[in-house]
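Visitor: Protein chains in written order, with my numbering: chain H, 1 to 763; chain R, 1001 to 1763.
Hints should not be assumed to be uniformly reliable.
Stated by the list, open to error - When the alpha-carbon atoms are kept at most 25 Å apart in a straight line, the in silico DMTMM-like pairs for lysine to aspartate or glutamate are as follows:
no., chain 1, residue 1, chain 2, residue 2
1, R, Lys1368, H, Glu508
2, H, Lys168, H, Glu15
3, H, Lys133, H, Asp109
4, R, Lys1494, R, Asp1583
5, H, Lys5, H, Glu284
6, H, Lys525, R, Asp1012
7, H, Lys368, R, Glu1553
8, H, Lys606, H, Glu636
9, H, Lys696, R, Asp1455
10, H, Lys168, R, Glu1570
11, H, Lys477, R, Glu1754
12, H, Lys494, R, Asp1151
13, R, Lys1544, R, Glu1576
14, H, Lys525, R, Glu1010
15, H, Lys532, R, Glu1076
16, R, Lys1345, R, Glu1318
17, H, Lys532, R, Glu1570
18, H, Lys532, R, Glu1428
19, R, Lys1549, R, Glu1562
20, R, Lys1532, H, Glu10
21, R, Lys1477, H, Asp95
22, R, Lys1549, H, Glu10
23, R, Lys1549, R, Glu1508
24, H, Lys278, R, Glu1714
25, H, Lys532, R, Glu1449
26, R, Lys1125, R, Glu1076
27, H, Lys561, R, Asp1455
28, H, Lys368, R, Asp1514
29, H, Lys168, R, Glu1065
30, H, Lys258, H, Glu149
31, R, Lys1041, R, Glu1122
32, R, Lys1300, R, Glu1416
33, H, Lys213, H, Asp95
34, H, Lys41, H, Glu76
35, R, Lys1447, R, Glu1754
36, R, Lys1477, H, Asp583
37, R, Lys1737, R, Asp1701
38, R, Lys1494, H, Asp151
39, R, Lys1168, H, Glu507
40, R, Lys1550, R, Asp1563
I should point out that these hints are in silico values taken from the structure, not numbers from a laboratory. Fair warning: this is a prediction, and the values are worked out from it, not measured in the lab.
Number of protein chains: 2
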Amino acid sequence: MKTVKQLIQEIDINEAFYQAVFGIEKEGLRVTSNGQLALTKHPQEFGNRNFHPYIQTDFSESQLELITPPLPSIQESYNWMAAVHDVALQTIPLDESIWPISMPMVLPDEAIIPIAKLDKKEDVKYREVLTHKYGKKKQMISGVHYNFELDDQLILRLYENQTDFSDKNSFRSMLYLKLTKNFLRYRWLLTYLLGASPTVDDSFFTDQEIPQKYVRSIRSSHYGYVNQSEVSVSFNSLEDYVHSLQDMVKKGYLSEEKEFYSAVRFRGVHQAEELLTKGISYLELRSFDLNPFDPFGMSKQTMEFIHLFCLYMIWIDETATEDEIKTGEEMNGLTAMEHPEETSKFQEEGLQLLEQMEQMLQSTNGSKSAYSCIQEARKQMVDPKRTIAARMISGIEEEGSYIAFSLALAKQYKKEAVKRPYNLTGFEQLEMSTQLLLFDALQKGIKVELLDAQDQFLKLTFNQHIEYVKNGNMTSKDSYIAPLIMENKTVTKKILNAAGFRVPAGEEYTTLVDGIAAFWRYEQKQIVVKPKSTNYGLGISVFKQTPSKKDYERALEIAFKEDSAVLVEEYIPGTEYRFFVLDGEVPAILLRTPANVVGDGQKTIKELVAIKNEDPLRGEAKHRSPLERIELGEIEQLMLKGQGYTVESIPEADSIVYLRENSNISTGGDSIDVTDEIGESYKQAAIEMSRIIGAKVSGIDLIIPDPTIPSTQEHLGYTVLEANFNPAMHMHAYVYKGKGRRLTMGILKMLFPELWEMETTNQ
Amino acid sequence: MKTVKQLIQEIDINEAFYQAVFGIEKEGLRVTSNGQLALTKHPQEFGNRNFHPYIQTDFSESQLELITPPLPSIQESYNWMAAVHDVALQTIPLDESIWPISMPMVLPDEAIIPIAKLDKKEDVKYREVLTHKYGKKKQMISGVHYNFELDDQLILRLYENQTDFSDKNSFRSMLYLKLTKNFLRYRWLLTYLLGASPTVDDSFFTDQEIPQKYVRSIRSSHYGYVNQSEVSVSFNSLEDYVHSLQDMVKKGYLSEEKEFYSAVRFRGVHQAEELLTKGISYLELRSFDLNPFDPFGMSKQTMEFIHLFCLYMIWIDETATEDEIKTGEEMNGLTAMEHPEETSKFQEEGLQLLEQMEQMLQSTNGSKSAYSCIQEARKQMVDPKRTIAARMISGIEEEGSYIAFSLALAKQYKKEAVKRPYNLTGFEQLEMSTQLLLFDALQKGIKVELLDAQDQFLKLTFNQHIEYVKNGNMTSKDSYIAPLIMENKTVTKKILNAAGFRVPAGEEYTTLVDGIAAFWRYEQKQIVVKPKSTNYGLGISVFKQTPSKKDYERALEIAFKEDSAVLVEEYIPGTEYRFFVLDGEVPAILLRTPANVVGDGQKTIKELVAIKNEDPLRGEAKHRSPLERIELGEIEQLMLKGQGYTVESIPEADSIVYLRENSNISTGGDSIDVTDEIGESYKQAAIEMSRIIGAKVSGIDLIIPDPTIPSTQEHLGYTVLEANFNPAMHMHAYVYKGKGRRLTMGILKMLFPELWEMETTNQ
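Next up, chain H with everything else stripped away, as it sits in the complex:
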């Protein structure tokens, strides 16, 4: 029989060997700011636990279970884990955080520890059985589960080149079974490296006591999260596994199959019985303590090391026998109970394993990061002080107690999560609106698939209902023609004008000659001359006085440099407001002002700008942000000069100094929410315009000279400048002044009204 090693080498598919699918499930207790178990309910913002794919509760109402979907790379899994943490940490009350280690804080009386308040009776019942058998406290031990699936095409290629198996399912199960057996034999190494539950409060154990102050992993030891000793399941063959597991349930040693707390669980089926026909689809590795040094419980390097470890378990020629598995379990138990700063009893075997893993990398053209994973593990094997558990001891000693140590980290991670609420950690490369929408979908429990990150293309699923979203608010709810209308300023104006709305009078010209010939139409007016399609202010001339023919011609020439069509429009004085129209409502209105500082009579403009730029909303390097820093470049300095200032000038107290003419957010402008200040007559006008265009989502720009006077049919209070498709949402969410408006949730509500209806029904 050819080994995997032989097959890989024979068919020369090194790259394929490293292809796999990963999924993480991470438990963690909610903790209050003074280190108590949070007794608040699972936040209702998380929607319904009956279906939530990412945020669940485990045993206890206070025990969050954060879940990633299966993803084809470690980087993606880690990013998802980060994102789900971000959502969880920002949603739970501000004074709560997530306990970052496996062993719990000092717990209240068992009676007070709340069992998860689930809808399904059998789920609650199961937790009651566990309470009875293990006590609630033991169920509060948390950990990370690591789901691992080999690439399907890799398995196919290996299968096609071997001769011992005549069906792919059996071949695959063989691979996973081999992996499992060897994993159980050698997993002590992972406990050595990743063990991270060195101690626990004395109150945790009522009838026993850990014999030493620190161990590598209480959780992985027989003091930890293990079945009662009469539970015995064989991994000899798939058949033996299924039958012995069924036997344990039949005998009543286990209430259900899922009560079997093995380090490895076979996945892809609902009941073990099905494994006999379907085989093993993937593995769930369950033996990992929370790593408190990583904000999400497991570092990327650890995820990669576990991957390499799993690959090595199928790479080696031998498959562990039942006896060897037993030996392995004993070694693991011993390792778990070692003092973290002690050299491992099995150091020699450990170094040998790492040596062989490195050889595997050499044979298969392993990546740089794979090598450095192994090298780091070797360093820890040689020097136990580098292990997580040993580093935790330093931290605990420094902070005075593991409680203080853990709480400090919990608070630190919470602080980081709430620092930039406009970013979704792990997805910072996406547009901000997409980040916010993703955040809301993860929070609400809508399944998300990132179809194309570069293109901001999401697939959202709830039950059988699928919706696609591009750039945060381009959806199936909008008609195709609406954005096409809005894309064409002339067409938009014609349509809105025909429907009776006031638009700036004006015409489009496609030749300079035609434009010049029409001067007579404008010579008595304030006008704007602008290229038809440009959006960045290039080529625009504004005449706040009636133009001379010469200046008018010059303005046309400038505009024609930017576009083959030029608009000449009436200039409308007044303040411009952005109305965000969403499904027949106006949930947000924004006033944008040019970059500015307010003097205090003491600081220079340069200093005032520096202070204003400290606002985290104005962004940091590598982070997208809802506002931008004010630059002091050529344009700003010119603008200052025009007002008689330099950057060193000290403006009088309360005087506003503008640094830009344009009010774009992108050039340091301020955003001011005025949703509640603008009257209904204007909102209705924006809604009606949106309806005329046929848009569900649009950004309507109105010039309003005085918003305190209601607009009427006789005295229209506004002129409409533009209607924008795919209007920005993030600038409404986090504003310089006023109340932030979360529009992304409104988009989800438009797409999945049933989710909100359900909520109403449930209340």
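Start from chain H and add chain R according to the hints.
Guide: Showing chain R alone in chain H's frame:
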């Protein structure tokens, strides 16, 4: 009181002076190929005459009235006239054309001449009254009505700078009344220049006879289309006009106000009474004979001359008195009855008028074409043989009779109209799909406004129902997300694949390194390597054999030169078909083959190509066409070389020689309609794919190895390559082989189902 001339010069708005709005209504009899009045019904393709804005019937069922909307330039009016003619001529039976002169052919018995079969009883009643009063024959005289409106802003500017009128309406009415009076005084000049009804068959008059063989205009003479002599209406003032007209009706001399056949009619009101409050909105000039030398009854130059004439009528200081008007009418009657080859009795006044018109041009910076209009008129004034009527006489003499002359022209215009059915005359600059859609809308009677020609943006209106269409089939019926999905090939594939459709296996890579590392996935397959977004075949490599690693890498490099993302896909052998999906149906399936010729054993490839290129479907210079000519460029010659040919080779009889690898129509490929040959199972698949994507209109490209075998769930007969938004429609309408499919009418039906429901109800 300041004159218009003074005002124009004072406020220096020469360009404004020439701004106006024009609308044309043109009557014309349908004639059979042997010169008889066509007795067929008004074609039902023209939809419903209750609302048709462009194609109506006048007095007789056989008398088409073709109408343009009001448009702001002569060029646009002329284009519309051309387009409406195109639609009319292509829709009436193939053996019918439109009689191009004002006086009818030899008419059948009065009893046989059909009155227009209109729905409204009052409309039929009115025609019966006319029959009784004038006889049917006189009602068959046809002409052109010219609607003329001064630019509103021009009127405003003039109004603002005068002091005699205190409301704009009165000022405007004064202008139009002045224009009218002077027009009536001088219109003999237009009759001289434009008179075009020199003779008629003897059978036309039963109780009188034209005293000479040829006159300038029977129609404009007292033998023509005039009221009975007791009808007398005053143009002295608006009040006098209204009251005298009402008096004529009251006295029973006119059955209705509209029976008043004046050379000028005041428009903008339903009843004359309203003129007293609303004033005159615009004028309808009704005195023009059909010009047989123009396919649409009036040349562009004539339209411009009339415009200049009208402007001159308000430019001159004087306003004709009632006596002068009477003189003018007499001069007009005399002019109409002159022999066309005779010098005008009023040549001196004519030359003077033209001289003064030219002075007006000099004062107002008139355009070159305006000058040449005047110059041409002057030539005709000096040399009567250059007038239309005189030129008609030459034609009549040449053809033997006015009947033969007229019929020959009618047939010529018909021939030109049906020659390029894929073009809509007057709108050739639009995309072909938009031309076809416009054609259908004009035919069906849906009101069309060209919002942006460059952008192919149409506004369609029926009753209160408005729809917008861009590029022929981008509409409100499609959802916004559907084209966004189709625009992204990777997303489309993921979505169709997730829905259970077979797509070419493959992946997207954003770096060369990633692409190369995935070689193992493809080394055993036929593949295509292509840039993600390019559409023109650039950077695509096809491996019909399994690729070597080196060739694979090279292909990736080539593709990455075109795009930052590259797709590697399974190559699917078989034939590619384009399924056009429209609103849940597949009205057209097209097979496209590369440019080719079929040998006859005698001609060279060069000769065969030349013959194939003669097909009018392959286009002419300046005309868009559904197929393209085959080039004999570098690529074609290389392709021939590969097959052992040169352009001078003589292929064997019936052998097919391909000149291109790619099957694009744009490089001379053939289009073959196979809609009826492809089975329902494939159509259903395409419909379902379109549904999954959420598209109402899409072009689904399927590879089908054998379309004779139905596709089943177990044995899928196809692989889907792409889904295309805004799929081309013209290539289905006019095909190289097979039946053309008119998809544009289906688009209209999707947009305005009520129009089709109405039809069903009416039947």
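Visitor: Take the hints in turn and mark each one as holding or not.
Guide: Do the hints match the structure? See the list:
1. Lys1368/R with Glu508/H: Holds: Lys1368/R and Glu508/H sit about 24 Å apart, inside 25 Å.
2. Lys168/H with Glu15/H: The given pair, whose Cα atoms are some 21 Å apart, holds under the 25 Å limit.
3. Lys133/H with Asp109/H: 17 Å, holds
4. Lys1494/R with Asp1583/R: 23 Å, holds
5. Lys5/H with Glu284/H: Cα-Cα ~23 Å, so holds.
6. Lys525/H with Asp1012/R: OK: Lys525/H and Asp1012/R at ~16 Å, within 25 Å.
7. Lys368/H with Glu1553/R: 22 Å, holds
8. Lys606/H with Glu636/H: 11 Å, holds
9. Lys696/H with Asp1455/R: 23 Å, holds
10. Lys168/H with Glu1570/R: Given pair Lys168/H, Glu1570/R holds - Cα atoms ~22 Å apart, limit 25 Å.
11. Lys477/H with Glu1754/R: Holds - the C-alpha atoms of Glu1754/R and Lys477/H are around 24 Å apart, at most 25 Å.
12. Lys494/H with Asp1151/R: 18 Å, holds
13. Lys1544/R with Glu1576/R: This hinted pair holds, its Cα atoms lying about 16 Å apart.
14. Lys525/H with Glu1010/R: 18 Å, holds
15. Lys532/H with Glu1076/R: 22 Å, holds
16. Lys1345/R with Glu1318/R: 23 Å, holds
17. Lys532/H with Glu1570/R: Distance ~44 Å between Lys532/H and Glu1570/R Cα, so the pair is violated.
18. Lys532/H with Glu1428/R: With Cα atoms ~24 Å apart, Lys532/H and Glu1428/R stay inside 25 Å; holds.
19. Lys1549/R with Glu1562/R: The hint holds at about 21 Å.
20. Lys1532/R with Glu10/H: 33 Å, violated
21. Lys1477/R with Asp95/H: Violated, at about 50 Å.
22. Lys1549/R with Glu10/H: With a Cα-Cα distance of about 17 Å, the restraint between Lys1549/R and Glu10/H holds, given a limit of 25 Å.
23. Lys1549/R with Glu1508/R: Holds: Lys1549/R and Glu1508/R sit about 18 Å apart, inside 25 Å.
24. Lys278/H with Glu1714/R: 21 Å, holds
25. Lys532/H with Glu1449/R: OK: Lys532/H and Glu1449/R at ~20 Å, within 25 Å.
26. Lys1125/R with Glu1076/R: Violated: Lys1125/R and Glu1076/R sit about 36 Å apart, past 25 Å.
27. Lys561/H with Asp1455/R: 20 Å, holds
28. Lys368/H with Asp1514/R: 15 Å, holds
29. Lys168/H with Glu1065/R: 77 Å, violated
30. Lys258/H with Glu149/H: Since the Cα atoms of Lys258/H and Glu149/H sit roughly 20 Å apart, the hinted pair holds (cutoff 25 Å).
31. Lys1041/R with Glu1122/R: The given pair, whose Cα atoms are some 20 Å apart, holds under the 25 Å limit.
32. Lys1300/R with Glu1416/R: 18 Å, holds
33. Lys213/H with Asp95/H: 31 Å, violated
34. Lys41/H with Glu76/H: 30 Å, violated
35. Lys1447/R with Glu1754/R: 14 Å, holds
36. Lys1477/R with Asp583/H: Holds, at roughly 17 Å.
37. Lys1737/R with Asp1701/R: 19 Å, holds
38. Lys1494/R with Asp151/H: Distance of about 18 Å is within 25 Å: holds.
39. Lys1168/R with Glu507/H: 23 Å, holds
40. Lys1550/R with Asp1563/R: 20 Å, holds
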